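Just so you know, the protein sequences line up as chains A and B, in that order. Each residue of the first sequence is one higher than the last, beginning at 1 in the numbering used here. Each residue of the second sequence is one higher than the last, beginning at 1 in the numbering used here.
These are calculated hints, taken from the structure and not from any lab test. Nothing here was measured: the structure is a model prediction, and the numbers come from that model. Fair warning: there could be bad hints in the mix.
Derived DSS-like pairs: lysine-lysine, alpha-carbon spacing no greater than 25 Å straight-line [as the list claims (entries may be wrong)]:
| id | chain 1 | residue 1 | chain 2 | residue 2 |
| --- | --- | --- | --- | --- |
| 1 | B | K53 | A | K82 |
| 2 | A | K46 | B | K75 |
| 3 | B | K41 | A | K15 |
| 4 | B | K42 | A | K32 |
| 5 | B | K23 | A | K50 |
| 6 | B | K41 | A | K79 |
| 7 | B | K41 | A | K44 |
| 8 | B | K53 | A | K15 |
| 9 | B | K42 | A | K15 |
| 10 | A | K79 | B | K42 |
| 11 | A | K54 | B | K75 |
| 12 | A | K44 | B | K75 |
| 13 | B | K73 | A | K82 |
| 14 | A | K46 | B | K53 |
| 15 | A | K32 | B | K38 |
| 16 | A | K15 | B | K38 |
| 17 | B | K73 | A | K32 |
| 18 | A | K52 | B | K42 |
| 19 | A | K46 | B | K60 |
| 20 | A | K52 | B | K60 |
| 21 | A | K54 | B | K60 |
| 22 | B | K53 | A | K44 |
| 23 | A | K50 | B | K60 |
| 24 | A | K79 | B | K75 |
| 25 | B | K73 | A | K86 |
| 26 | B | K41 | A | K32 |
| 27 | A | K46 | B | K23 |
| 28 | B | K38 | A | K7 |
| 29 | B | K53 | A | K86 |
| 30 | A | K157 | B | K75 |
| 31 | A | K46 | A | K57 |
| 32 | A | K50 | B | K73 |
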Amino acid sequence: MAKKENKTVILINPKLYSLEAVYGAAYVFLDKAYIYLEQDSRSKIKVNLKWKTKMTKKRLEVMRGEFLNELLNFSLREKISKSNRKIREYIVARALASASQEGPPEQKKKSFLEKGPSDIAVPWRNKNQEQCRTEESDKKPVWTIDTKGIAVPWEEKYLNKKPCRKEKIR
Amino acid sequence: MSQRENQVSFIFNGRLYDLRAIKNAIQAYRGLADFSLKTSKKNIELRASNIDKNLANIFKDEFCNYVLSEMNKIK
C-alpha cells in the first residue's frame with residue numbers, strides 16, 4: 001500500500017477478496033474519493049483512491065483502514081448471502097404462493113370430506129362451528145392490572161347506587 | 001488515464017470493468033463531451049473530446065466514479 005499527496009493506493013489479492021466485495025467497498029467511498037481500478041502485473045487489483053478533500057497523513061491512514069474494513073464487511077455479507085440463499089428463496093416462494101389467489105399447494109391437496117381425529121368424516125358445517133367456538137374461546141381477553149378502574153363487575157359498581165327508574169314506579 | 005487539452009483518454013481493464021457500465025456512463029455524460037470507444041481483448045479504451053471547459057479538471061475522475069457506480073448496479 002502506497003500513499004502520495006492526498007492519494008491512497010491499495011493492492012488487493014483477488015484470491016482473498018472477491019471482485020464484488022471490491023465494488024461494494026468502492027461504492028461506499030464514492031462520495032469521499034475518486035476511485036479507479038487497475039490490475040497489477042501480478043494480477044492483483046490496484047485500487048487508486050484520490051481523496052476529494054485534503055487529508056493529513058494520519059487521516060489517510062485512517063481512511064485506508066476504513067476501506068479495508070469495508071472490504072471485509074462486504075466479503076462477509078457475500079458469504080452470508082451465499083449460505084442463506086436456499087432458505088431465502090424458500091421463504092420468498094412460500095410468501096408468493098400464499099399471496100396468490102389459489103393459495104399454497106398444501107391447502108389444495110386437502111380433500112372435500114376431511115376426516116376427524118377418529119377417522120370419521122365430519123360434515124363441513126359442524127366442523128366450521130367447532131372451529132368458530134375454539135376461535136372465540138381463544139380470543140377471550142386476558143385481564144391485566146386495571147389502573148383506570150374500568151374492569152369493575154356490574155354488581156360491585158351499581159349495588160350501592162340508587163335503584164333504576166322502573167323500580168321507582170313500582 | 002491521460003489528459004491533453006480538452007481531451008481525455010481512459011483505459012479500463014476488461015476484467016474489472018463491464019462494457020455495459022461504460023456505455024451507460026457514456027450515455028449519461030454524452031451532453032458534456034464527445035466519446036469514442038475501442039475494445040480490445042484485455043482493455044476498453046475510451047477517448048473523450050470537446051469536454052465542457054468548466055468541468056475539464058474533474059471530468060475524468062467523476063466519469064470513473066460514475067462507471068464504478070454503474071458496475072454496482074449491473075453486478
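A quick look at each hint next to the structure:
no. : hint            : in the structure
1   : B:K53 to A:K82  : 47 Å, violated
2   : A:K46 to B:K75  : 19 Å, holds
3   : B:K41 to A:K15  : 22 Å, holds
4   : B:K42 to A:K32  : 29 Å, violated
5   : B:K23 to A:K50  : 23 Å, holds
6   : B:K41 to A:K79  : 31 Å, violated
7   : B:K41 to A:K44  : 18 Å, holds
8   : B:K53 to A:K15  : 42 Å, violated
9   : B:K42 to A:K15  : 20 Å, holds
10  : A:K79 to B:K42  : 29 Å, violated
11  : A:K54 to B:K75  : 32 Å, violated
12  : A:K44 to B:K75  : 20 Å, holds
13  : B:K73 to A:K82  : 19 Å, holds
14  : A:K46 to B:K53  : 30 Å, violated
15  : A:K32 to B:K38  : 30 Å, violated
16  : A:K15 to B:K38  : 30 Å, violated
17  : B:K73 to A:K32  : 19 Å, holds
18  : A:K52 to B:K42  : 30 Å, violated
19  : A:K46 to B:K60  : 18 Å, holds
20  : A:K52 to B:K60  : 13 Å, holds
21  : A:K54 to B:K60  : 19 Å, holds
22  : B:K53 to A:K44  : 36 Å, violated
23  : A:K50 to B:K60  : 12 Å, holds
24  : A:K79 to B:K75  : 16 Å, holds
25  : B:K73 to A:K86  : 23 Å, holds
26  : B:K41 to A:K32  : 32 Å, violated
27  : A:K46 to B:K23  : 23 Å, holds
28  : B:K38 to A:K7   : 29 Å, violated
29  : B:K53 to A:K86  : 52 Å, violated
30  : A:K157 to B:K75 : 70 Å, violated
31  : A:K46 to A:K57  : 20 Å, holds
32  : A:K50 to B:K73  : 22 Å, holds
Figure legend: structure checked against the earlier numbered hints; hints not met, in rising order: 1, 4, 6, 8, 10, 11, 14, 15, 16, 18, 22, 26, 28, 29 and 30.
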